[in-house]
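Since the structure of chain A is already known, use the hints to place chain B on it.
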Amino acid sequence: MTIKVSLKVNGKPVSAEVEERTLLVSFIRETLRLTGTHVGCDTAQCGACTVSMNGKAVKSCSILAMQAEGADVTTIEGVAKADGALHPMQAAFKEHHGLQCGFCTPGMVMNAIDFAKSHPNPSEQEIREALEGNLCRCTGYHNIVKAIGAGARAMAGK
Amino acid sequence: MGAPMIGARVERKEDYRFLTGGGQYTDDVELPRQSYAAFVRSPHAHAVIKKIKADKARKSPGFIAVYTGEDFAAAKLGGLPCGWLITDVDGQPMKEPPHPCLAQGKVRYVGDHVAIVVAETQQQARDAAELVEVDYEVLPAVVDGRQALKPGAPQLHEIAPGNKCYTWAIGDKGVVDAAFAKAAHVTKLDFVNNRLIPNAMEPRVANGHYSRADDSYTLYVASQNPHVERLLMTAFVMGLPEHKVRVVAGDVGGGFGSKIYLYAEDVAVTWASKQIGRPVKWTSDRSEAFLSDAHGRDHHTIAEMAMDKDGKFLAMRVKTVANIGAYLSTFASCVPTILYATLLAGQYKTPVIHCEVTAVFTNTTPVDAYRGAGRPEATYVVERLVETAAREMKIDPAEIRRRNFITEFPYQTPVALLYDVGNYNATMDAAQKLADVAGFAARKKASEAKGKLRGMGYAAYIEACGIAPSAVAGSLGARAGLFEAGEVRVHPTGSVTVFTGSHSHGQGHETTFAQVVADRLGVPMENVDIVHGDTSKILFGMGTYGSRSIAVGGTAIMKALDKIIAKGRKIAAHLMEAAEADVEFKDGAYVVAGTDKKKLFGEVAFAAYVPHNYPHDKLEPGLNENAFYDPSNFTFPAGSYVCEVEVDPDTGAVKIEKFTAVDDFGKIINPMIVEGQVHGGLTQGIGQALTEGVHYDASGQLLTGSFMDYSIPRATDVPTYQVDTRETPCSHNPLGVKGCGEAGAIGAPAALMNAITDALGVKDMPMPATPQNVWNALKSKKAA
Chain A
58 MTIKVSLKVN GKPVSAEVEE RTLLVSFIRE TLRLTGTHVG CDTAQCGACT VSMNGKAVKS
118 CSILAMQAEG ADVTTIEGVA KADGALHPMQ AAFKEHHGLQ CGFCTPGMVM NAIDFAKSHP
178 NPSEQEIREA LEGNLCRCTG YHNIVKAIGA GARAMAGK
Chain B
9 MGAPMIGARV ERKEDYRFLT GGGQYTDDVE LPRQSYAAFV RSPHAHAVIK KIKADKARKS
69 PGFIAVYTGE DFAAAKLGGL PCGWLITDVD GQPMKEPPHP CLAQGKVRYV GDHVAIVVAE
129 TQQQARDAAE LVEVDYEVLP AVVDGRQALK PGAPQLHEIA PGNKCYTWAI GDKGVVDAAF
189 AKAAHVTKLD FVNNRLIPNA MEPRVANGHY SRADDSYTLY VASQNPHVER LLMTAFVMGL
249 PEHKVRVVAG DVGGGFGSKI YLYAEDVAVT WASKQIGRPV KWTSDRSEAF LSDAHGRDHH
309 TIAEMAMDKD GKFLAMRVKT VANIGAYLST FASCVPTILY ATLLAGQYKT PVIHCEVTAV
369 FTNTTPVDAY RGAGRPEATY VVERLVETAA REMKIDPAEI RRRNFITEFP YQTPVALLYD
429 VGNYNATMDA AQKLADVAGF AARKKASEAK GKLRGMGYAA YIEACGIAPS AVAGSLGARA
489 GLFEAGEVRV HPTGSVTVFT GSHSHGQGHE TTFAQVVADR LGVPMENVDI VHGDTSKILF
549 GMGTYGSRSI AVGGTAIMKA LDKIIAKGRK IAAHLMEAAE ADVEFKDGAY VVAGTDKKKL
609 FGEVAFAAYV PHNYPHDKLE PGLNENAFYD PSNFTFPAGS YVCEVEVDPD TGAVKIEKFT
669 AVDDFGKIIN PMIVEGQVHG GLTQGIGQAL TEGVHYDASG QLLTGSFMDY SIPRATDVPT
729 YQVDTRETPC SHNPLGVKGC GEAGAIGAPA ALMNAITDAL GVKDMPMPAT PQNVWNALKS
789 KKAA
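Protein chains in written order, with our numbering: chain A, 58 to 215; chain B, 9 to 792.
If we strip away everything but chain A, and leave its shape as in the complex, we get (with noise of 0.2 angstroms):
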């Protein structure tokens, strides 16, 4: 069975014919094309695939395309500026180091970008809780952890 799915991804609407078991990745890398969100598990535990739903991060493998009907959903490649500058989070993961082969990064970002709304100066326990959903296999986390805590700073304008 094939539903109709309507929502808006990084700022434009898009509406497409899918299969309803469709998982809303799926929806964001075959359909769309969308690439730079990434699969990494089969269990909700890597973060590869983290969005950005209605303001919130969640984990695209984990919801339905049809559950984000109507929804505004932005992925890693509606982050940065039109002019193509980086936003503050990803501008701080470039300078800190915070990744390295970036398979895991978008995901990393869209949560780092989630998690500092609410926390404008983390501290580094607590960014470190909040990448309690994020796996990294490169950096040991130690480069991540810098990078957060100082785009959440820039972020808040500190």
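Source of the hints: derived by calculation from the structure; they are not laboratory data. In this text, all values refer to a predicted model and were calculated from it rather than measured experimentally. The C-beta atom is built at its ideal place from N, Cα and C for all residues, glycine as well. Hints may be right or wrong, so weigh each one.
[Stated by the list, open to error] A few chain B residues that face chain A, going by a derived Cβ cut-off under 7 angstroms, partial list only: (1) ALA221; (2) ASP293; (3) THR728.
[To be verified] Calculated pairs, DSBU-like style, for lysine-lysine (alpha carbon to alpha carbon, straight line, at most 35 angstroms): (4) A:LYS151 x B:LYS441; (5) B:LYS67 x A:LYS61; (6) B:LYS675 x A:LYS151; (7) A:LYS138 x B:LYS663; (8) B:LYS158 x B:LYS787; (9) A:LYS203 x A:LYS215; (10) A:LYS203 x A:LYS113; (11) B:LYS158 x A:LYS203; (12) B:LYS666 x A:LYS151; (13) B:LYS453 x A:LYS69; (14) B:LYS21 x A:LYS138; (15) A:LYS151 x B:LYS320; (16) B:LYS181 x B:LYS158; (17) B:LYS594 x B:LYS545; (18) A:LYS203 x B:LYS458; (19) A:LYS151 x B:LYS787; (20) B:LYS64 x B:LYS181; (21) B:LYS21 x A:LYS65; (22) B:LYS64 x A:LYS61; (23) A:LYS203 x B:LYS460; (24) B:LYS21 x A:LYS203; (25) B:LYS21 x A:LYS174; (26) A:LYS113 x B:LYS578; (27) B:LYS441 x A:LYS203; (28) A:LYS151 x B:LYS21; (29) B:LYS790 x B:LYS320; (30) A:LYS215 x B:LYS357; (31) B:LYS282 x B:LYS545.
Structure of chain B alone, referenced to chain A:
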């Protein structure tokens, strides 16, 4: 010319695309008329395939094709080859059982490949694969290496009686036994180096595309070494001419060893694409990755160290059973031998060493190199023995190390390696200071006051990077060369594209290598691009593993740069009407010594491509050079790690309070990237010691088959690290570099387990030190 580029903390060139969703990982490659594959995998660890019925699958929506082992046999596809021949102590070659891409009559581990199903969408391929019915006759299985060697154990391969692949040894046992007989003290440990699953965050992907138009194949694959993959696939498995196959490994989301190898899926999608006349893509899900990516480690070792009364090491004796899984993976045979036993001297002057390794087939996923590959296992043996010996002999653990450190170089170890340089006291001094070892006693007291146990442990590791030279590797059984290739293409306007046989999957070569080029040519970083991962662009490559990229791949680029500069000098001499001997290349320009005559590098490049005024009688136009580099020796990074833990005796929970790492990687090109490599390595090492471990049940089912059961470290499991470096440049490559990718994973497990056993006051306990294992260790101690 700006600040020097070597040693600069330059932000990474590759980050922008990764941070904006612009990376092109293999699953992101979608070809016209793309089809999708799923594999039918064995649910049994050991079984005879009686019958495969695909009728229902054929009727499934979107079904295109199904192929089984019979089809592969009819097509005369070969098995997956092993790249390193180990010779048994009996003089015979190791046992190399057939390793078919799709099972031929028998499956030997859970996840073994039974059939490939191709359909219109990924979901339809998976649905159809579910509908393939396989009748199995289940056989008894064996999953433990020692059990597999026992009489009466289930037998995996006809050609390997007793499940033995080989027994290999190094050293003179008689001499070692004699040294033990005279020892004042002997320390003995009997332990398991736990099996691990690499778990790069990007699962493996392979997308094969046959083009009838020119009878050629392209394979897009998440690989650490596309050229080697192509060589193995064409020459050994598919019998294809190498020039008709292109292998592309674009952005790869981490490897850690698991993407070095030629896998069955890579061959299957490539072959299937010709059969159906469409590209075929397989994307592993994480559950498949747990079952089918090569695992790491899995040793059982009995290790002994003999000492005189002052704690001077007299001899070491090691006996290891290495579980290599159901089949020989690409480099499985050299990991528990050449990359393990040769490292057993560590940083010490132990005069005689004997090590015997028996490699065993079991009904488990094949085991191959995982970050460190043999060297973490060796370091664990040496550093657990040394720390335990210090405790038993009541000598300070740093002091016993210092008494035995090698201090004069070059140093020939008794286990084949020749260390060129090192300064082990320097890294130990720095680590002790940075870790505030002097303040440990007070911190321990404070912990005790809270009812907690505090412990400290060291690890002084050595690593051998950039396996070399090819001639020596060949004499030890390598079936490949171990050089690297590089090409420097200077464009007419002076910008530069560099093609490297190294492969970056997180290491940041696009930045580090560009720094080297920018520094050498005096051109801005933004004018240099590094290209890797495509056999159609790069002349050849051995890929990235064993921390070899900067030492071997970087040196190949340096050699090509030398040729560029030399040719440029001839051109510049002609342009400036000067003798070539008087022309110097400095800060991006050719100058005539003692004059104000000067030609910028860009001007010389332009003259090479617009050769109106050019020494045509002496030189060809153009400015493009390549080089191959075969190193004269390994490089030997080394360092001292200090770990401090606090253990809650009520819950068994371990908290890493401090982790200090001081490494000597020789010259460092980009400290920011090097620190990142250390952080990541340490975390994987801590994962091995604290959270990770593979469990199979007796029937061969993988119990730790997802991130819910197999715990790779999360951000709350690890501390903020204290890292620093000391520098003794490598003596035999022009950059003085050694490599840094694996160090953390090599040194961390021993340092952490030394700290935990110190806190608990026990001689040994198994990795991983989960709360349950720690609690059990404390309980056994109380009972004793």
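Okay, the hints, checked on the actual structure:
The interface hint given for ALA221 (chain B) is violated, since its Cβ lies 26 angstroms from the closest Cβ of chain A, which is over the 7 angstroms cut-off. Below 7 angstroms, beta-carbon pairs count as interface contacts, and ASP293 (chain B) has one with chain A at about 5 angstroms; its hint therefore holds. With a cut of 7 angstroms, the hint placing THR728 (chain B) at the interface with chain A holds, because the nearest CB-to-CB distance is about 6 angstroms. Restraint check: the Cα-Cα separation between LYS151 (chain A) and LYS441 (chain B) comes to about 31 angstroms, which is no more than 35 angstroms; the hinted pair holds.
The straight-line distance between the Cα atoms of LYS67 (chain B) and LYS61 (chain A) is roughly 26 angstroms, inside the 35 angstroms bound, and the hint therefore holds. Restraint check for LYS675 (chain B) and LYS151 (chain A): the C-alpha separation of about 24 angstroms stays at or below 35 angstroms, so the hint holds. With a C-alpha separation of about 41 angstroms, the suggested pair LYS138 (chain A) and LYS663 (chain B) falls outside the 35 angstroms cut-off, and the hint is violated. About 31 angstroms separates the Cα atoms of LYS158 (chain B) and LYS787 (chain B), which keeps this hinted pair within 35 angstroms; it holds.
With a C-alpha separation of about 15 angstroms, the suggested pairing of LYS203 (chain A) with LYS215 (chain A) holds against the 35 angstroms cut-off. A distance of roughly 22 angstroms separates the Cα atoms of LYS203 (chain A) and LYS113 (chain A); the hinted pair therefore holds under the 35 angstroms criterion. The hinted pair formed by LYS158 (chain B) and LYS203 (chain A) fails the criterion: a straight-line CA distance of about 52 angstroms is larger than 35 angstroms. With a CA separation close to 26 angstroms, the supplied pair LYS666 (chain B) and LYS151 (chain A) stays within the 35 angstroms bound.
For the suggested pair LYS453 (chain B) and LYS69 (chain A), the alpha carbons sit about 61 angstroms apart, so the restraint of at most 35 angstroms is broken. The hinted pair formed by LYS21 (chain B) and LYS138 (chain A) meets the criterion: a straight-line CA distance of about 19 angstroms does not exceed 35 angstroms. For the given pair, LYS151 (chain A) sits about 48 angstroms from LYS320 (chain B) by alpha-carbon distance, which is inconsistent with the 35 angstroms threshold. At most 35 angstroms may separate the alpha-carbon atoms for a hinted pair to count; LYS181 (chain B) and LYS158 (chain B) meet this at roughly 24 angstroms.
A threshold of 35 angstroms between alpha carbons decides the hint, and for LYS594 (chain B) with LYS545 (chain B) the separation of about 30 angstroms falls inside it, so the pair holds. Simply put, LYS203 (chain A) and LYS458 (chain B) have alpha-carbon atoms about 30 angstroms apart, close enough for the 35 angstroms limit, and the pair holds. Restraint check: the Cα-Cα separation between LYS151 (chain A) and LYS787 (chain B) comes to about 47 angstroms, which exceeds 35 angstroms; the hinted pair is violated. Distance hint between LYS64 (chain B) and LYS181 (chain B) is unfulfilled; the C-alpha atoms sit about 61 angstroms from each other, more than 35 angstroms.
In summary, the hint linking LYS21 (chain B) to LYS65 (chain A) is supported, as the alpha carbons are separated by about 32 angstroms, within the 35 angstroms threshold. The suggested pairing of LYS64 (chain B) with LYS61 (chain A) holds, with an alpha-carbon distance near 29 angstroms, which does not exceed 35 angstroms. At most 35 angstroms may separate the alpha-carbon atoms for a hinted pair to count; LYS203 (chain A) and LYS460 (chain B) meet this at roughly 29 angstroms. A hinted pair counts as satisfied when its Cα atoms are at most 35 angstroms apart, and LYS21 (chain B) with LYS203 (chain A) qualifies at roughly 20 angstroms.
Proposed proximity of LYS21 (chain B) and LYS174 (chain A) is supported: the alpha carbons are some 28 angstroms apart, at most 35 angstroms. Under the criterion of a C-alpha separation no larger than 35 angstroms, the hint pairing LYS113 (chain A) with LYS578 (chain B) is inconsistent with the structure, at around 62 angstroms. Simply put, LYS441 (chain B) and LYS203 (chain A) have alpha-carbon atoms about 24 angstroms apart, close enough for the 35 angstroms limit, and the pair holds. Using a Cα cut-off of 35 angstroms, the hinted pair LYS151 (chain A) and LYS21 (chain B) holds, with the two alpha carbons roughly 9 angstroms apart.
Between LYS790 (chain B) and LYS320 (chain B) the CA atoms are separated by roughly 32 angstroms; this keeps the pair inside 35 angstroms, and the hint holds. Distance hint between LYS215 (chain A) and LYS357 (chain B) is unfulfilled; the C-alpha atoms sit about 54 angstroms from each other, more than 35 angstroms. Distance check on the hinted pair: LYS282 (chain B) and LYS545 (chain B) sit about 23 angstroms apart at the alpha-carbon level, within 35 angstroms; holds.
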